[in-house]
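The listed protein sequences derive, respectively, from chains X and E. Each residue of the first sequence is one higher than the one before, starting from 1 at the first, in this note's numbering. Each residue of the second sequence is one higher than the one before, starting from 446 at the first, in this note's numbering.
Bear in mind the hints are in silico, worked out from the structure with no lab data behind them. Beta carbons are placed, not taken as given, at the ideal position from N, Cα and C, and that holds for glycine. Hints may contain errors.
Computed footprint of chain E on chain X; a stretch qualifies when at least three of its residues, placed anywhere within it, have a C-beta under 8 Å from a C-beta of chain E [said to hold, decoys possible]:
1) 288-294
2) 313-323
3) 333-342
Quick look at which bits of chain E chain X covers, simulated, 3 or more residues with Cβ under 8 Å [said to hold, decoys possible]:
4) 446-452
5) 457-465
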Amino acid sequence: MTEDELKGLTLAGALRLIQRKQMTASELHTSVLDRIDRLNPRFNAFITIVRERTTANGFPVSVKDLYDTKDIRTTAGSRLYADRVPREDASVVTKLRAAGADIIGKTNLHEFAFGVTTINPYFGAARNPWDPERIAGGSSGGSAVAVALSMGLGSMGSDTGGSIRIPAALCGVVGLKPTYGRVSIKGMVPLSWSLDHAGPIAKTVEDTAILLGMVAGFDPRDPYSRDIEAPQYEKALTGEIKDLRIGVPRKYFYEQLAPEVSEAMRTALVAFERLGARITDVDLPSTNIHRGVWLQIASPEAYSYHERHLETHFDSYSPDVRGRLEAGRELRSIDYLRAQRARTIMKRECQRVFETVDVLITPTVPIAAPRIDRIDKTEVAALGRFTRFFNIVGLPAISVPCGFTSEGLPIGMQIAGKAFDESTVLRAAHAYEQDAKWIERRPEL
Amino acid sequence: MPNELTPEGAEVLKAILEETALVREVRLDDTPPAMVFEAGEHGVTKTQRHKE
Chain X
1 MTEDELKGLT LAGALRLIQR KQMTASELHT SVLDRIDRLN PRFNAFITIV RERTTANGFP
61 VSVKDLYDTK DIRTTAGSRL YADRVPREDA SVVTKLRAAG ADIIGKTNLH EFAFGVTTIN
121 PYFGAARNPW DPERIAGGSS GGSAVAVALS MGLGSMGSDT GGSIRIPAAL CGVVGLKPTY
181 GRVSIKGMVP LSWSLDHAGP IAKTVEDTAI LLGMVAGFDP RDPYSRDIEA PQYEKALTGE
241 IKDLRIGVPR KYFYEQLAPE VSEAMRTALV AFERLGARIT DVDLPSTNIH RGVWLQIASP
301 EAYSYHERHL ETHFDSYSPD VRGRLEAGRE LRSIDYLRAQ RARTIMKREC QRVFETVDVL
361 ITPTVPIAAP RIDRIDKTEV AALGRFTRFF NIVGLPAISV PCGFTSEGLP IGMQIAGKAF
421 DESTVLRAAH AYEQDAKWIE RRPEL
Chain E
446 MPNELTPEGA EVLKAILEET ALVREVRLDD TPPAMVFEAG EHGVTKTQRH KE
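Work out the full structure: start from the sequences and follow the hints.
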């Protein structure tokens, strides 16, 4: 298999070729490893490369290095866990292997997934496939880079405030945060239990649907998993969105956008209308409090997990992540409870909005990928502005490419849906993707 | 672990408390806390579940 063939290969295409015996899994595995060996030293997508095949007819995918993998180290992007080797697989890894996946590697991430840049002080910054001087986004930055550069045919990320969708947007790939409880988080190093979600990153919406189908479903080992049957997501990809009701929350979600992001979103909404969708403006008033709600929930939950390690290994954390964790120690329980009550208000607000629309559409990120050497606090704050809302309310949200800046950097669009209705989210994203054809543009590497 | 926050921790705490001030202004009335680990519950109907 040539590199050009691999670059154009999707997971869906590979599965078809293997099934028809037009390509061997071994050939595919070798091609992917060769590409990783060529590109990873420059892009830092992987912390650990797994060279041994474990499945005879397997397809190569990666997982973020906070999913436990039996006998393979799982660092969570940290110095503290640099030599941690789990004794069993995370549930997602078990499901992937059962579906025929070969885990090709463990991808780079922001230290303990507590940040949105993947400028990792221990394993190096994951670099953007469209411009290696820019960030990949985070915290699942390595996963998005690996997918964008065909170093594997998909990846599993995690998302507590946007960590799947942000790097997907900045790297020009698709990333889905499913409904809370849809995909097991058992065996993932947690950041914030009630905000953590596991989900796929892939080249196309179809590949995203395939991966979601592999990992979705009830897991008795995860107390937060929901016993709601997962449908066959590929069947939702009909290309038909006539009369789909799209809500556009212009206040907050369409404010302070970079001009090229604003223009890309305007053009995308026109495309949806042309495809037969009905667009209406909607209001989500609690956007003004959602950052405070997120911080009051995420910070103490994260501190709670790290409390003992901070007592004994204070210097094993970077100042950046340690600062975020420490702050969680100082918060008051009444504010945590207040945030959980405000969370109820936010969920009710979404329930009302989704009585009149099927999906919400927003930009994923208000800016294109910042430069690694010049990124400032304002840019870091901007990256998570539109994504964390959907972690608080637990609703499914996807990022799909919707254009490029004049500098050739990808722009992402976020489509969110009703609880456990990933099918409609995927259907809308797929119809747009097939019409807009941004997926045909790939990094020149 | 030191009792005092590092400069980075103090800066983060300041930012959190600024955002918290907005949350404290919300009229919660008799709103109960979210069932923390059932974030996806609202917005799904029995009909939708049945269809799945």
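These are the hints, each one checked on the structure:
1. 288-294: Result for this restraint: holds, n = 5.
2. 313-323: Result for this restraint: holds, n = 5.
3. 333-342: Since three or more residues must qualify, the claim that chain E covers the stretch 333-342 of chain X holds, with 7 doing so at under 8 Å.
4. 446-452: holds (count 5)
5. 457-465: That given contact holds, which follows from 6 residues of the stretch 457-465 of chain E lying within Cβ reach (below 8 Å) of chain X.
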